[in-house]
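Respectively, the protein sequence lines represent chains A and B. For the first sequence, position 71 (counting from the first letter as 1) is numbered 71 according to my numbering, and the numbering increases by one without interruption. For the second sequence, position 6 (counting from the first letter as 1) is numbered 6 according to my numbering, and the numbering increases by one without interruption.
Some hints here could point you the wrong way.
Pairs of lysine-lysine, DSS-like flavour, derived with a Cα cap of 30 Å [as the list claims (entries may be wrong)]: (1) B:119 to B:2; (2) B:128 to A:150; (3) B:138 to A:208; (4) A:88 to B:156; (5) A:208 to B:116; (6) B:128 to A:138; (7) A:150 to B:150; (8) B:88 to B:126; (9) A:138 to B:220; (10) A:92 to A:116; (11) A:138 to B:60; (12) A:208 to B:156; (13) B:92 to B:119; (14) A:156 to B:208; (15) B:208 to A:116; (16) B:138 to A:92.
Just so you know, these hints were derived from the structure itself, not from any lab.
Number of protein chains: 2
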Amino acid sequence: VKKIAIIVAGGSGRRMETGTPKQFLLLNNLPVLYHTLNCFTNFQEYIDIVLVLPEAFTEKWKSFIHHFPNHIPHSIVDGGPTRFHSVKSGIKVCMNEHPESIVAIHDGVRPFVSPKVLKEGYSVAKLKGSAIPVIPVKETLREVNGAFSKTVPREKYCLVQTPQFFQLGLIADAYNIPYSETFTDDAGVFEASGRQITLIDGNYENMKITHPVDMLFAEKLLSSGYDF
Amino acid sequence: VKKIAIIVAGGSGRRMETGTPKQFLLLNNLPVLYHTLNCFTNFQEYIDIVLVLPEAFTEKWKSFIHHFPNHIPHSIVDGGPTRFHSVKSGIKVCMNEHPESIVAIHDGVRPFVSPKVLKEGYSVAKLKGSAIPVIPVKETLREVNGAFSKTVPREKYCLVQTPQFFQLGLIADAYNIPYSETFTDDAGVFEASGRQITLIDGNYENMKITHPVDMLFAEKLLSSGYDF
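Please put together the full structure from these sequences, using the hints given.
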């Protein structure tokens with residue numbers, strides 16, 4: 001079965017208006033987003049990648065492409081007002097071309113997904129319909145309600161990563177549901193459509209670059225030759 | 001009011017039996033634990049520090065001390081079979097010497113607590129009895145029950161860090177409670193004794209060194225001159 005990837009690199013929302021979006025910051029002279037796409041081509045040469053970008057950043061991205069050390073085939077789709085709408089646009093394009101494939105839906109600001117997770121994710125989703133990578137919570141976890149809070153048993157919780165893997169037809173169907181602000185990932189949309197998800201082990205290094213120090217950590221990880 | 005710190009550097013439990021414990025791994029040629037203690041002396045020179053160590057590691061630690069670039073005054077107390085028992089031993093020693101102080105109870109493997117958190121923690125605990133640093137959950141959070149799991153609203157949860165600050169008399173009293181395996185931090189013990197805790201903002205950089213890549217990240221953070 002064909003493997004494809006949809007990389008979502010920011011909506012056109014509020015966050016994008018201040019400074020350079022994280023996915024365009026440079027790591028070893030190449031944008032974060034390049035390293036993210038590279039995880040997929042390193043895993044499988046000529047994998048089909050659909051990159052969903054805010055229209056305002058398409059030109060900026062194209063100006064980077066010529067400097068890439070290796071060719072990363074991908075098509076570009078305009079993003080929508082939220083992550084939900086952006087993913088939905090990406091899915092639509094994929095459904096037109098490869099309706100029978102397994103898709104990995106991934107955040108552009110996660111450049112360290114491991115080959116192991118990619119391998120397992122595509123193969124589990126092929127069998128089970130979906131594969132969602134999660135990692136344990138290593139700190140004490142508290143539930144907060146106004147002025148009150150209580151410790152909850154952390155072993156009963158997990159942190160959800162991307163890429164999230166799906167049989168394309170199933171996730172396309174799920175995305176027919178009306179938009180809700182409570183959707184924070186694709187697994188949530190999948191479940192809201194009445195389906196059950198399958199969890200797999202994520203890789204700890206697959207950080208979401210959000211805080212300034214995350215860029216320092218990412219630089220170190222790239223330059224260290226760390227094997228994962 | 002006098003400020004003191006109890007640094008807990010591993011029980012004598014199972015984890016310690018394999019390889020070098022994380023708190024003795026070297027960062028810039030000095031053990032992780034040195035950097036942790038240094039956060040406190042950098043914040044306030046001659047702060048009273050009680051270091052709770054497994055007895056088996058006391059000699060190893062003492063052999064390091066002579067190589068420290070600055071003097072870090074501290075006393076050493078033997079740890080118990082669990083973190084709970086180790087903290088309790090530390091508290092007992094402190095109660096004999098400075099029963100009226102404010103104590104910060106901290107994990108030896110968190111070498112990046114910010115001066116801002118130390119300042120706020122001691123002053124909030126003086127007023128309110130306790131101060132517990134927390135950071136938001138940035139990833140999608142799932143609650144898992146056997147084969148089923150569901151997304152929970154992450155804005156209602158937070159990740160708990162150390163140091164956790166208390167009026168010494170209050171936390172000493174709380175630690176008279178019988179040991180339970182469900183205690184993962186001092187705030188949990190404090191609450192179990194019928195008291196309410198006060199949350200403050202932690203600092204994102206204050207990572208718990210647990211995974212091999214955390215050592216890479218810690219090295220980078222130390223060598224970068226990153227200001228926090």
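Report task. Quick one: which hint numbers does this structure break? Sort them smallest to largest. Result -> none
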